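Q: Here's the letter readout for the chains.
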Amino acid sequence: MSEASAQPAAGPPSAPARTANPAATATAPSQAVPALEAEGLSKSFGAVRALEEANLTVWPGQVLGLVGDNGAGKSTLVKCVSGRLHPDRGTVRVAGEVLRARSPEVARARGIEVVYQNLALVDSLDIATNLFLGREPVLGPRPFSWLGFLRTRQMRQEAARVLREVGVDLRGASVADPVEQLSGGQRQGIAVGRAVVWGQKVVLMDEPSAALGVEQTRHVHDLIRRLRDRGVGVVLISHNMQEVMQVCDHVTVMRAGRTIVTVPVSEVSGEMLVGYITGAIEPRSDG
Amino acid sequence: MSVLTGTGTSQSADARAARRARLGRGARALIPYAGFALIFVVFAIVLRSHGFASGSNLESIVEQNASIAIMAMGYAFTLGAGEIDLSIGSTVAVVALTTALVLEQQPAWAGVLVGLAIGLGVGLVNGLLTVLLRVPSFLITLGMMSVLAGIAEALTNLQSVAVTNNAFNGVFGSGSLGPVPSLFVWVGAVLVVAQVVLRRTRYGRHVLAVGGGREAAVSTGIRVRSVRVSALVISAVSAALAGLLYAGRLQGAAYTLGSTDLLTVIAAAIIGGTSLFGGKASVPGALVGALLLGMLQEGLILMGLGVPDQLIAEGVVVVVAVAVGLRERPE
Chain A
1 MSEASAQPAA
11 GPPSAPARTA
21 NPAATATAPS
31 QAVPALEAEG
41 LSKSFGAVRA
51 LEEANLTVWP
61 GQVLGLVGDN
71 GAGKSTLVKC
81 VSGRLHPDRG
91 TVRVAGEVLR
101 ARSPEVARAR
111 GIEVVYQNLA
121 LVDSLDIATN
131 LFLGREPVLG
141 PRPFSWLGFL
151 RTRQMRQEAA
161 RVLREVGVDL
171 RGASVADPVE
181 QLSGGQRQGI
191 AVGRAVVWGQ
201 KVVLMDEPSA
211 ALGVEQTRHV
221 HDLIRRLRDR
231 GVGVVLISHN
241 MQEVMQVCDH
251 VTVMRAGRTI
261 VTVPVSEVSG
271 EMLVGYITGA
281 IEPRSDG
Chain B
1 MSVLTGTGTS
11 QSADARAARR
21 ARLGRGARAL
31 IPYAGFALIF
41 VVFAIVLRSH
51 GFASGSNLES
61 IVEQNASIAI
71 MAMGYAFTLG
81 AGEIDLSIGS
91 TVAVVALTTA
101 LVLEQQPAWA
111 GVLVGLAIGL
121 GVGLVNGLLT
131 VLLRVPSFLI
141 TLGMMSVLAG
151 IAEALTNLQS
161 VAVTNNAFNG
171 VFGSGSLGPV
181 PSLFVWVGAV
191 LVVAQVVLRR
201 TRYGRHVLAV
211 GGGREAAVST
221 GIRVRSVRVS
231 ALVISAVSAA
241 LAGLLYAGRL
251 QGAAYTLGST
261 DLLTVIAAAI
271 IGGTSLFGGK
281 ASVPGALVGA
291 LLLGMLQEGL
301 ILMGLGVPDQ
311 LIAEGVVVVV
321 AVAVGLRERP
331 E
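Here the protein sequences come in this chain order: A and B.
All residue numbers for the first sequence refer to my numbering, where the first residue is 1 and numbers rise by one.
All residue numbers for the second sequence refer to my numbering, where the first residue is 1 and numbers rise by one.
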């Protein structure tokens with residue numbers, strides 16, 4: 001519990017943090033175990049310190065905004081949590097358990113999903129394969145399954161069902177068509193849909209609405225709320241303060257590789273967040 | 001319900017556009033086969049009097065190009081995974097010579113085992129150096145090409161070695177399985193296995209994922225390094241098999257074996273629809289590409305063209321094939 005006190009305003013979103021989303025109260029966790037807890041993460045690239053003692057706590061059913069200027073370390077933090085990068089120091093816990101042997105494979109198996117800024121899609125492969133990338137269903141019980149024969153039909157049927165469910169309209173394309181055929185918005189839809197479907201504990205989204213129009217952005221926000229209602233912790237990286245204020249319960253501000261403050265959005269304004277980001281305002285309780 | 005839609009276009013227009021894209025892809029996939037058919041028909045007519053389309057000539061085209069075809073089918077994986085292996089030609093020479101030397105004293109199986117082990121070893125060294133040193137496979141295999149070429153020359157002091165082991169020559173050369181010549185059996189077996197692995201298994205998908213989107217492959221937990229190593233092992237082992245087939249068909253080996261194969265193999269794979277930049281690969285396409293180039297060469301010979309003209313013609317075809325392939329380059 002000492003970790004929680006390191007971040008003054010972090011905590012289970014047990015109080016009705018925002019009147020706008022009553023569902024948050026309904027899904028407030030009874031057990032006080034964060035879905036994701038990153039503690040003291042540091043990462044340097046040569047002489048550049050991308051992360052310095054960064055802390056991040058996300059509770060089940062919480063939508064946490066992660067904001068900061070370009071180069072503040074947001075994407076690096078996400079990559080350290082998802083196993084994409086190996087932090088030099090620090091620990092990551094998923095549902096209270098330390099995440100060892102960090103790799104994307106392990107992190108995914110533990111229920112962490114990420115929507116990367118670059119979407120992490122393979123353009124030349126079909127939509128169904130992209131949805132199942134790295135976790136393709138294979139035929140048969142043990143010795144036979146090592147051959148890795150794909151259940152292609154099952155993959156396609158499930159892909160079509162899943163995309164329908166999360167409301168990604170392929171507009172005439174089939175799940176057997178390659179991703180390169182899709183528009184930017186559709187591709188983003190596939191990437192977000194993949195995370196929504198597989199994310200069990202935590203979903204981290206790195207500017208998921210960057211390439212989207214108004215209508216599509218609203219849909220992504222719906223999906224985020226759906227994850228929250230399912231008890232999944234969501235981390236939303238965004239440069240759009242309005243989006244953060246609208247969608248998130250709490251927000252963590254990063255500056256120069258540090259997580260400088262975590263506050264409930266009900267207690268801040270967009271201008272204050274910008275102040276924290278630029279350093280015009282210093283948080284009271286931290287350093 | 002479906003909100004991730006743009007605005008403006010109607011449902012049926014979208015469906016039409018998607019169908020058009022699908023048709024375009026289908027048509028593009030047929031290009032190598034259509035080109036193959038076209039060249040075949042042209043030669044069959046023009047070279048009628050030379051018996052181009054006779055059964056024995058067609059059989060010999062397949063047999064003469066069996067090694068190229070097998071290397072091209074293996075190469076589909078290598079290119080598909082975004083790697084390149086410049087050392088296949090000299091791998092062929094080293095494997096053929098070593099196997100021929102072993103066969104002077106040892107039974108056929110020993111020669112085969114040694115030959116394939118060399119291929120495996122070369123592939124592992126290429127792959128592990130590429131991955132561990134973080135150097136492009138282009139450079140590692142360029143060095144390997146030179147090392148192996150030197151070894152091939154040193155092995156027998158440039159002397160050729162005859163293979164008199166009849167069992168070996170039968171299985172890897174002039175023999176047959178029932179009515180089917182053994183070289184056809186080898187090509188057919190490699191075709192089926194490679195196609196099933198590429199299209200039906202998780203490994204095949206991972207090869208194309210690593211080649212088509214390395215970042216995405218890493219992010220989704222695919223074992224990128226293993227896949228890259230395996231891609232270079234496949235090209236080396238298929239080169240080793242090609243070397244065995246050369247030795248069996250020619251009943252001997254020389255350090256020059258395979259020395260001009262690299263460009264032909266790459267061209268065959270690319271003609272068949274495999275991307276030079278990874279992410280797309282076709283096994284049957286590579287086979288058709290190899291046979292197309294073999295047929296072209298045979299036709300030019302029958303038309304009375306000399307070696308210089310053949311080289312020029314083949315070079316032009318390769319450049320055209322690569323240029324067409326380049327148009328598919330992402331971004």
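Hints in this document: simulated from the structure, not taken from any laboratory.
Keep in mind the model is a prediction, meaning the values are calculated, not measured.
A portion of the hints provided could be inaccurate.
Label-pair distances were calculated between CB atoms; the ranges are [said to hold, decoys possible]:
(1) R25(B) <-> R164(A): 42 to 52 Å
(2) V192(B) <-> V48(A): 27 to 37 Å
(3) S174(B) <-> L147(A): 42 to 52 Å
(4) V48(A) <-> G26(B): 43 to 53 Å
(5) R20(B) <-> L147(A): 52 to 62 Å
(6) T260(B) <-> H86(A): 39 to 49 Å
(7) G71(A) <-> A117(B): 45 to 55 Å
Residues from chain B that keep clear of chain A, each with C-beta distances beyond 12 Å, as calculated [to be verified]:
(8) L47
(9) F138
(10) V197
(11) S219
(12) S275
(13) A323
Covered stretches of chain A, going by a simulated chain B footprint (3 or more residues, C-beta under 8 Å) [stated by the list, open to error]:
(14) 132-139
(15) 144-154
(16) 258-266
Note that the Cβ used here is the ideal one computed from N, Cα and C, for glycine as well.
Q: If a hint holds in the structure, say so; if it does not, say that too.
A: Hint check:
Between R25(B) and R164(A) the beta carbons are some 24 Å apart, a value that contradicts the proposed interval 42 to 52 Å. Range check, V192(B) to V48(A): Cβ separation about 51 Å, and the 27 to 37 Å hint is violated. Range check, S174(B) to L147(A): Cβ separation about 34 Å, and the 42 to 52 Å hint is violated. Here the CB-CB span from V48(A) to G26(B) is close to 48 Å, well matched to the stated 43 to 53 Å.
A C-beta distance of roughly 37 Å is found between R20(B) and L147(A), which places it outside the suggested range of 52 to 62 Å. Checking the proposed 39 to 49 Å range against T260(B) and H86(A) shows it holds: the Cβ atoms sit about 46 Å from each other. Between G71(A) and A117(B) the C-beta distance comes to about 51 Å, which sits within the given range of 45 to 55 Å. The Cβ of L47(B) sits about 39 Å from the closest Cβ of chain A, beyond the 12 Å cut-off, so the non-interface label holds.
Against the 12 Å criterion, F138(B) stays outside the reach of chain A, whose nearest CB is about 21 Å from its own CB. Residue-level check failed: V197(B) sits 9 Å from the nearest beta carbon of chain A, not beyond 12 Å. Listed as a non-interface residue, S219(B) fails to keep its Cβ farther than 12 Å from every Cβ of chain A; the least gap is roughly 4 Å. Once the 12 Å rule is applied to beta carbons, S275(B) is inconsistent with being away from chain A; the minimum gap is 7 Å.
For A323(B), the shortest C-beta to C-beta distance to chain A comes to about 20 Å, beyond the 12 Å cut-off, and the non-interface label holds. For the region 132-139 of chain A, the stated coverage by chain B is satisfied: 5 residues place a CB nearer than 8 Å to a CB of that chain, which reaches the threshold of 3. A count of 5 residues in the region 144-154 of chain A with a Cβ less than 8 Å from any Cβ of chain B is obtained; the coverage claim is therefore met, three being the minimum. Here's how the region 258-266 of chain A fares: 0 of its residues keep a CB closer than 8 Å to some CB of chain B, so the rule of at least three is not met and the hint is violated.
Checked against the numbered hints given earlier, this structure breaks hints 1, 2, 3, 5, 10, 11, 12 and 16; the rest are met.
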